[in-house]
Amino acid sequence: MDELLQFLIAGLKNGSIYALVALGFTIVFAATGAINFAQGEFFMLGGMLGVFFSELGLPLALAALAAIAVTAAVGAVFELLAVRPISGGDPLRIIMVTIGGAVVLRQLALHLFGPDERALAPFTEGASLKLLGAAVERQTVWIWALTALAVVALAFLYRRTTFGRAMRATSIQRDAARLVGVNTGAMVTWSFALAAALGAVGGLAVAPLTQTAFSVGAGMGVKGFAAAILGGLGNPVAAVGGGLILGLMESLTAGYVDPLYKDAVAVIVLLVVLFVRPQGLFGGSGRVKV
Amino acid sequence: MNLRTARALVPLVLVAVVAALPLVVSDRFLLKVFTFAGINALVVIGLALLFGHAGQVSLGHAAFVGLGAYTCAVCTVRLEWPWLLAFAAAGAVAAFGGLVLALPSLRLKGHYLAMATLGFGELMTLTFREADPVTGGVDGLGGIPFPDLGPFAVDGAATLYWLVWGVAGLALLAVYNVTSQRPGRAMRALHGSEQGAQACGVDIVGVKVRTFVVSALLAGLAGALYASVVGFVSPSVFTLAASVTFLAMAVLGGTGSLAGPLAAAVLLTLLQYIDALIPGIPRETAQTIQTYQEDIYGLAIVLVVIFAPGGLARLWRRRPRGGETA
Chain A
4 MDELLQFLIA GLKNGSIYAL VALGFTIVFA ATGAINFAQG EFFMLGGMLG
54 VFFSELGLPL ALAALAAIAV TAAVGAVFEL LAVRPISGGD PLRIIMVTIG
104 GAVVLRQLAL HLFGPDERAL APFTEGASLK LLGAAVERQT VWIWALTALA
154 VVALAFLYRR TTFGRAMRAT SIQRDAARLV GVNTGAMVTW SFALAAALGA
204 VGGLAVAPLT QTAFSVGAGM GVKGFAAAIL GGLGNPVAAV GGGLILGLME
254 SLTAGYVDPL YKDAVAVIVL LVVLFVRPQG LFGGSGRVKV
Chain L
3 MNLRTARALV PLVLVAVVAA LPLVVSDRFL LKVFTFAGIN ALVVIGLALL
53 FGHAGQVSLG HAAFVGLGAY TCAVCTVRLE WPWLLAFAAA GAVAAFGGLV
103 LALPSLRLKG HYLAMATLGF GELMTLTFRE ADPVTGGVDG LGGIPFPDLG
153 PFAVDGAATL YWLVWGVAGL ALLAVYNVTS QRPGRAMRAL HGSEQGAQAC
203 GVDIVGVKVR TFVVSALLAG LAGALYASVV GFVSPSVFTL AASVTFLAMA
253 VLGGTGSLAG PLAAAVLLTL LQYIDALIPG IPRETAQTIQ TYQEDIYGLA
303 IVLVVIFAPG GLARLWRRRP RGGETA
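Which chain is which? The protein sequence lines are A and L, in order. Each step along the first sequence adds one to the number in the numbering used here, with nothing skipped, and position 26 is 29. Each step along the second sequence adds one to the number in the numbering used here, with nothing skipped, and position 265 is 267.
There may be inaccurate statements among the hints.
Simulated DEER-style distance windows between Cβ atoms [claimed, not checked]:
1. A:A138 / L:R285: 35 to 45 Å
2. L:L87 / A:G36: 43 to 53 Å
3. L:L101 / A:I175: 35 to 45 Å
4. L:R131 / A:L7: 25 to 35 Å
5. A:A122 / L:V140: 15 to 25 Å
6. A:L132 / L:A94: 13 to 23 Å
Hints were generated in silico from the structure; no laboratory data involved. Given the structure is predicted, the values throughout are model-derived calculations rather than measurements. All C-beta atoms, glycine included, are put in the ideal place defined by N, C-alpha and C.
Build the full structure now, drawing on both the sequences and the hints.
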């Protein structure tokens, strides 16, 4: 029983990170109709920039904020430089540009920060907390808190602010949004910045537990995308649900089958969901047909 | 001689140049570089079919090359199969892997295949590294014999070169035939408009799946050739970086063409070994190119897609048209 609880905690910990990355996919997909292959690199940049700023001597909180801000700026610049020139065109071209851009971001991180794994200090020092006999690392609590905060802030932004309504209008019907005076181009830029910031939060929160390196982006991209597809691409609530479920599936596989198969779970989930239920677990019956 | 006959002669001249190269180049290492160019060309021909004709992206082609290479290695070293059988098995295993990925991913509109192949690639890298009893783990698997084609011994630098380019040439011919006939028109049609193609009776899912399986098959055969030429396989070769390299070659080569991607494959391979190609090149220059190699591929993809979506093929095609009007 204790063992199961421990696996559930581990699963919800990783699942929260996948949820943050999945939210980034969902936001950009809603705005552009394309999959952003650089999403995993934003996760990587968050962790690596956090390490970089804290090594500069900034207090951890400040370093984290700086890392999130810089990553969001990178997301916005990425959209302006690479995606904007071909916006409205073939989604294949947008995807190709994000693939190339992901490689460039990864290489930039390699040249700037080097090839080694880096660790970030835990947000609060101290022994693990006890929950019903299971150990919960303090950093795990941070991960949950930050994910919850990000989700609440995002929900508030989307539902309660004019800016958020403009974002939603853009994603539902871009031309109609433009007709009523929404600057749709700016909304796409903001969605990249927002997606990058969410990825950065994930990368920062998990860096004290797993360490980070320039190369972690692609793998996290696949997992975040599998989570987004599992929930239902384009729906933020579903993305979070998909992330948590994927995390649980991984940790239960690692715990009861073999840790070696943990990384296979996301790919298999991705293929099975595409084959059996492409609208995702929480999607309606509106199957995307050709 | 008018322009049209001149253009018709170009492929013949190129074939002659490629075939005669070992007679001119005596340096064994340089010949090996050109052999690698042929192996990459074989992969890129399949990728060009997928990307340039069917409009789909693969970020996992290095994994199919790896599947082929490891299948060939295991079949020849551990099972002691004849080489030709191992070669065929390598193609079959890679093609089957392609089918498993393509069926779920290509049923839907959108670009799920790209993500599925990215995940598959990560998974295969892990498998090559962790499945020690079969793959030899991080240490790799050595002692792979040279290709054995019955009466023809393929064990020298020149004969290996001819074998690799022979296979690449046959693949090119086969793919060219496919693209210039009904399946090729179907592919181009669905690249233009999937609904339009479907309305004209094109089985769009079938065409896309078959295209992907063929490109995985060619990658698998290229992997078997790689394993046989090098004699050793290790997990560090078949990575995401290699998949990106293949993709960059296909993108730089251009859409709707085979000559463009073929040229890009050869050029980018030679760039990797520029110090062998140009002996006088300063050490620092060669090292800089090698350090920033992946940056070059990533940037090339971004810049070509934004500024020159037609790629190299477009430059080549535009010139004679200008000549005709003049």
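Outcome of the hint check:
The hinted window of 35 to 45 Å between A138 (chain A) and R285 (chain L) is violated, with their beta carbons roughly 54 Å apart. The hinted range of 43 to 53 Å is satisfied by L87 (chain L) and G36 (chain A), whose Cβ atoms lie roughly 47 Å apart. For L101 (chain L) and I175 (chain A), the hinted distance range of 35 to 45 Å is satisfied, since their beta carbons lie about 37 Å from each other. Take R131 (chain L) and L7 (chain A): their Cβ atoms lie about 30 Å apart, and the range 25 to 35 Å holds.
About 24 Å separates the C-beta atoms of A122 (chain A) and V140 (chain L), a value consistent with the hinted range of 15 to 25 Å. The beta-carbon spacing between L132 (chain A) and A94 (chain L), approximately 54 Å, falls outside the hinted interval of 13 to 23 Å.
The structure fails hints 1, 6 (numbered hints given earlier, in ascending order).
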